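Asks: This is what each chain is made of:
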Amino acid sequence: MSASNQTLAYEVSPPPALPTFPLDQWYVAALGWELNDKPVGRTLLNKPVVLFRTADGQVAALEDRCCHRALPLSSGTLDGGGLRCGYHGLLFNAAGKCIEIPGQEKIPSKAKVPMYHVQERDQIVWIWFGSSAHPEPTCEPPAYDVHSSGKYLFDGDVYHYDAPYQLIHDNLMDLSHLGYVHLRTIGGNASIHMEAKMTVESEGDVVKVVRHMPNSTPPPTYSAAYPFKGTIDRWQEIEFHVSHLRIWTGAVDANTESLDDPERGGFHMRGFHGVTPETDTTSHYFWTMATNPETNHDEVKAKVIEQTALTFDEDKVVIEAQYQNMCRFGERPMIDIHVDVGANRARKIIESLRQANGA
Amino acid sequence: MSASNQTLAYEVSPPPALPTFPLDQWYVAALGWELNDKPVGRTLLNKPVVLFRTADGQVAALEDRCCHRALPLSSGTLDGGGLRCGYHGLLFNAAGKCIEIPGQEKIPSKAKVPMYHVQERDQIVWIWFGSSAHPEPTCEPPAYDVHSSGKYLFDGDVYHYDAPYQLIHDNLMDLSHLGYVHLRTIGGNASIHMEAKMTVESEGDVVKVVRHMPNSTPPPTYSAAYPFKGTIDRWQEIEFHVSHLRIWTGAVDANTESLDDPERGGFHMRGFHGVTPETDTTSHYFWTMATNPETNHDEVKAKVIEQTALTFDEDKVVIEAQYQNMCRFGERPMIDIHVDVGANRARKIIESLRQANGA
Amino acid sequence: MSASNQTLAYEVSPPPALPTFPLDQWYVAALGWELNDKPVGRTLLNKPVVLFRTADGQVAALEDRCCHRALPLSSGTLDGGGLRCGYHGLLFNAAGKCIEIPGQEKIPSKAKVPMYHVQERDQIVWIWFGSSAHPEPTCEPPAYDVHSSGKYLFDGDVYHYDAPYQLIHDNLMDLSHLGYVHLRTIGGNASIHMEAKMTVESEGDVVKVVRHMPNSTPPPTYSAAYPFKGTIDRWQEIEFHVSHLRIWTGAVDANTESLDDPERGGFHMRGFHGVTPETDTTSHYFWTMATNPETNHDEVKAKVIEQTALTFDEDKVVIEAQYQNMCRFGERPMIDIHVDVGANRARKIIESLRQANGA
Chain A
1 MSASNQTLAY
11 EVSPPPALPT
21 FPLDQWYVAA
31 LGWELNDKPV
41 GRTLLNKPVV
51 LFRTADGQVA
61 ALEDRCCHRA
71 LPLSSGTLDG
81 GGLRCGYHGL
91 LFNAAGKCIE
101 IPGQEKIPSK
111 AKVPMYHVQE
121 RDQIVWIWFG
131 SSAHPEPTCE
141 PPAYDVHSSG
151 KYLFDGDVYH
161 YDAPYQLIHD
171 NLMDLSHLGY
181 VHLRTIGGNA
191 SIHMEAKMTV
201 ESEGDVVKVV
211 RHMPNSTPPP
221 TYSAAYPFKG
231 TIDRWQEIEF
241 HVSHLRIWTG
251 AVDANTESLD
261 DPERGGFHMR
271 GFHGVTPETD
281 TTSHYFWTMA
291 TNPETNHDEV
301 KAKVIEQTAL
311 TFDEDKVVIE
321 AQYQNMCRFG
331 ERPMIDIHVD
341 VGANRARKII
351 ESLRQANGA
Chain B
1 MSASNQTLAY
11 EVSPPPALPT
21 FPLDQWYVAA
31 LGWELNDKPV
41 GRTLLNKPVV
51 LFRTADGQVA
61 ALEDRCCHRA
71 LPLSSGTLDG
81 GGLRCGYHGL
91 LFNAAGKCIE
101 IPGQEKIPSK
111 AKVPMYHVQE
121 RDQIVWIWFG
131 SSAHPEPTCE
141 PPAYDVHSSG
151 KYLFDGDVYH
161 YDAPYQLIHD
171 NLMDLSHLGY
181 VHLRTIGGNA
191 SIHMEAKMTV
201 ESEGDVVKVV
211 RHMPNSTPPP
221 TYSAAYPFKG
231 TIDRWQEIEF
241 HVSHLRIWTG
251 AVDANTESLD
261 DPERGGFHMR
271 GFHGVTPETD
281 TTSHYFWTMA
291 TNPETNHDEV
301 KAKVIEQTAL
311 TFDEDKVVIE
321 AQYQNMCRFG
331 ERPMIDIHVD
341 VGANRARKII
351 ESLRQANGA
Chain C
1 MSASNQTLAY
11 EVSPPPALPT
21 FPLDQWYVAA
31 LGWELNDKPV
41 GRTLLNKPVV
51 LFRTADGQVA
61 ALEDRCCHRA
71 LPLSSGTLDG
81 GGLRCGYHGL
91 LFNAAGKCIE
101 IPGQEKIPSK
111 AKVPMYHVQE
121 RDQIVWIWFG
131 SSAHPEPTCE
141 PPAYDVHSSG
151 KYLFDGDVYH
161 YDAPYQLIHD
171 NLMDLSHLGY
181 VHLRTIGGNA
191 SIHMEAKMTV
201 ESEGDVVKVV
211 RHMPNSTPPP
221 TYSAAYPFKG
231 TIDRWQEIEF
241 HVSHLRIWTG
251 AVDANTESLD
261 DPERGGFHMR
271 GFHGVTPETD
281 TTSHYFWTMA
291 TNPETNHDEV
301 KAKVIEQTAL
311 TFDEDKVVIE
321 AQYQNMCRFG
331 ERPMIDIHVD
341 VGANRARKII
351 ESLRQANGA
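Chains as they are written, first to last, in UniProt numbering: chain A, 1 to 359; chain B, 1 to 359; chain C, 1 to 359.
Think of the hints as simulated: they come from the structure by calculation, not from any bench. All figures in this text were calculated on a predicted structure; none of them were measured in a lab. One thing to keep in mind: the hints can contain errors.
No copy is singled out in the list; a pair is fine if it fits within one copy or between any two copies.
To be verified - In silico DSS-like cross-links for lysine-lysine, where the CA-CA straight-line distance does not exceed 27 Å:
# : residue 1 : residue 2
1 : 301       : 110
2 : 151       : 38
3 : 348       : 47
4 : 229       : 151
5 : 97        : 38
Model the full assembly from the supplied sequences, consistent with the hints where possible.
Replies: Below, the structure is given as structure tokens:
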């Protein structure tokens with residue numbers, strides 16, 4: 001080992017597993033309301049992208065680099081439906097073609113930047129990262145009816161993670177950590193979480209984990225949001241998709257309704273969790289939380305969003321500390337416990353898609 | 001590609017072009033008034049240098065490292081015309097010779113630090129970085145009469161850039177960016193900048209770009225500084241030298257004087273722009289701005305300096321964003337447009353001097 | 001040299017000397033009062049360690065990584081005499097054995113983390129880093145009677161250094177720097193420090209430097225703490241041990257007592273200086289300062305501690321600047337002067353122990 005390597009060993013030792021990403025997928029690029037009167041620059045799957053909304057309300061995505069002098073187009077301005085560079089004013093349309101060079105009549109045919117396929121659906125902006133075999137999308141982006149049905153109030157945010165995306169999957173696939181990490185909000189009694197009956201099913205690239213916690217004490221967020229009479233029958237239904245998770249949690253008064261009834265009442269929280277790799281070691285986490293207040297709609301919604309944000313702040317602290325520690329220690333065996341079944345199944349799907357990228 | 005390389009790829013990918021620097025040149029090391037009762041430490045062309053003023057007012061420059069235990073001499077103190085290390089008190093003269101070791105009679109002949117050739121001229125401190133063929137200066141440092149003629153009021157500052165020096169040249173050689181980057185100060189109408197007639201001449205290592213913008217609207221800084229009656233005839237004369245640029249801009253009331261008359265009146269701004277590489281990827285930018293107020297001298301000067309500083313703040317944001325993006329994307333072809341003629345000629349001169357370093 | 005190396009050269013050039021550390025030694029891991037109701041995470045000799053106090057008051061140290069999902073155990077909580085991980089609640093005892101996995105009956109035999117040997121003695125927590133030949137301690141940790149004798153009031157703190165440990169040794173072994181670095185506190189007249197008679201003795205792995213400064217002016221800290229009548233006879237006795245230094249300084253009124261009398265009176269400051277490498281290039285500095293106020297005990301002690309902290313702040317600035325400069329310049333010869341005798345002898349001991357590690 002050379003002197004130089006020794007010096008750097010502590011600071012930049014490689015992480016234990018170097019994820020690449022499944023391609024031929026729609027990933028979340030933005031929440032719809034992020035794109036308004038300014039372009040948004042964001043690195044997605046190692047590609048610097050500028051996202052913007054054109055004059056007719058469509059979303060567009062280009063490589064975030066002016067072809068003239070390499071300035072990020074995301075520091076430019078929306079102008080006449082296109083995107084104008086903030087240095088010398090070159091104007092690009094949604095397809096990446098340069099349509100104006102101020103002070104110059106002829107526009108060289110090489111004056112263009114690559115475009116990406118993006119689509120907005122149910123207020124989520126999806127971007128296609130295809131393999132060389134599938135540069136064009138092979139399907140529609142996922143629907144997310146919760147945003148469109150009118151049955152829920154919702155809001156959300158984008159979090160940046162200094163951790164690779166699969167650690168976020170692990171966290172979301174195993175809600176048993178609520179009893180240790182989220183005591184102040186949605187946690188509640190730790191042993192009830194740990195001893196909850198759990199079923200794990202998978203079909204294709206989807207994994208579903210269901211846990212029921214009958215006769216629980218309502219955790220702080222639940223009590224604040226809903227007039228439960230006493231103990232509650234609580235559920236967690238987690239649906240893993242390659243680019244996002246849908247997590248339906250909630251509760252009814254204990255012994256009043258079946259947790260298998262899809263139309264059951266009570267207090268609901270429906271979370272959308274878009275997990276998009278930024279780089280091999282960092283991630284974007286796009287979340288929305290939808291709820292069904294019985295009364296005081298705005299107030300309850302605001303409370304649920306506030307508590308959800310607090311909860312996700314706590315997760316971020318844990319996951320980033322976990323990743324830093326993985327980097328410090330390098331690749332090392334890990335011990336599995338009972339709660340890891342769902343997360344491990346999701347990892348297998350990702351691994352198999354990585355192997356098959358573009359095949 | 002190894003796992004470790006993949007991880008680091010995003011953070012530290014090499015910039016697209018790795019400049020080295022023309023040698024056998026006088027570069028700006030400091031503005032004269034920076035050197036008073038304390039030494040100044042500054043890395044110049046990759047060399048850590050300590051600059052100071054001796055008891056008789058001369059400027060001096062040494063390697064910024066005590067030969068005893070490697071402390072930066074720039075954290076020491078001026079003492080009796082020399083520079084005393086702040087750890088164990090060794091005293092060095094302007095030639096780098098140790099002339100006192102407290103508590104020790106004999107001074108070893110090896111107790112010395114390398115010195116650099118520096119000269120102050122017209123309140124600019126110049127330093128010679130010679131090739132092995134020319135360790136001694138082969139000429140006098142440049143004169144800058146604007147500082148000494150008494151015709152102008154001026155002030156200036158030193159900016160640090162996280163970008164290589166040639167990106168600052170590019171920016172200064174092409175003032176067409178004023179219409180997009182500097183709308184709040186010296187910009188004015190973008191299309192007038194872009195469509196201005198431009199002439200580019202070069203002779204030896206000097207490039208001169210002249211642009212005239214007749215019948216323009218005065219930009220904010222101009223209106224604030226001078227009582228123009230209406231539209232103005234505006235000029236920009238840029239003179240590129242290897243280590244600095246001289247930019248003369250200004251305006252007269254439209255159709256009152258010839259812009260070719262070197263003695264023309266109106267409002268003048270004479271900029272001095274010393275661009276000195278700090279490292280391969282970072283730079284020092286030493287600027288002064290001189291103006292000729294008709295009335296309210298101090299107030300107009302203060303206004304012009306304030307607006308100039310704002311303008312250069314804007315440039316710094318753009319240029320550093322540009323460089324970061326160049327690092328993100330790696331080496332890639334760039335498209336030239338009409339405004340790049342002057343900058344490209346300057347780049348050719350630098351390239352040819354780099355090839356010839358010391359020849 | 002490749003393009004990439006050139007770019008990085010300035011930022012991460014390797015330090016001139018890459019220390020590894022003598023093994024088979026007790027190093028300071030903590031000051032006793034740091035370990036109370038929370039675990040403390042600390043990297044020591046490149047190993048991330050979590051330190052904690054068990055229910056019965058004993059100190060314990062484990063590898064700072066949960067064997068389940070690699071979270072730092074130092075972000076967990078003390079629980080029932082053990083340490084509980086903050087993610088999924090695994091509970092470890094002081095020997096590193098997992099003794100509870102919430103929600104799971106069987107605990108796999110592999111569920112454990114490595115432990116380190118630690119012992120608390122005289123309010124200092126020592127940790128054994130043994131070679132493969134001596135994983136178990138071969139001796140008791142050092143005693144430090146100053147903390148236990150009841151003759152002194154003391155307090156202390158932990159400082160983090162961005163510099164390798166041997167630069168701190170150098171600094172402490174040569175107190176002649178007091179006259180240049182610590183003028184505001186314990187410095188006093190520079191030439192008296194530099195011209196003080198110094199004796200250097202060594203025996204085994206211990207080096208002792210003694211300096212006497214008769215008839216000195218009391219420095220600010222001394223005057224503030226003790227009612228000296230006029231000039232003072234001042235002493236400095238420095239005892240270097242591989243993992244720590246003991247520095248006894250003080251003064252009596254000039255010409256009143258022999259500085260060779262171990263029971264001499266006057267004003268005393270007894271410093272304990274634990275210097276423990278964190279990594280090859282960073283260090284922990286655990287210090288306590290003990291003094292013997294004649295009157296106003298608490299006030300004088302507080303004053304001495306405050307002044308000591310100020311003094312060590314000044315050292316930290318100098319040593320970190322020195323190390324950054326060593327990194328900037330790379331390996332280069334250094335010139336020795338008269339004051340370096342003690343420090344150089346300490347370096348020889350370290351070097352010889354490094355060569356012999358584990359032999």
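Asks: Next, verify each hint and record whether it holds.
Replies: For each hint, the structure was consulted:
1. 301 to 110: neither (50 Å within a copy, 45 Å between copies)
2. 151 to 38: Neither: 31 Å inside a chain and 46 Å across chains, both beyond 27 Å.
3. 348 to 47: Within one copy only: 25 Å inside, 32 Å across.
4. 229 to 151: within (24 Å within a copy, 64 Å between copies)
5. 97 to 38: Within one copy only: 19 Å inside a chain, 55 Å across chains, cut-off 27 Å.
This entry does not satisfy hints 1, 2, going by the numbered hints stated previously.
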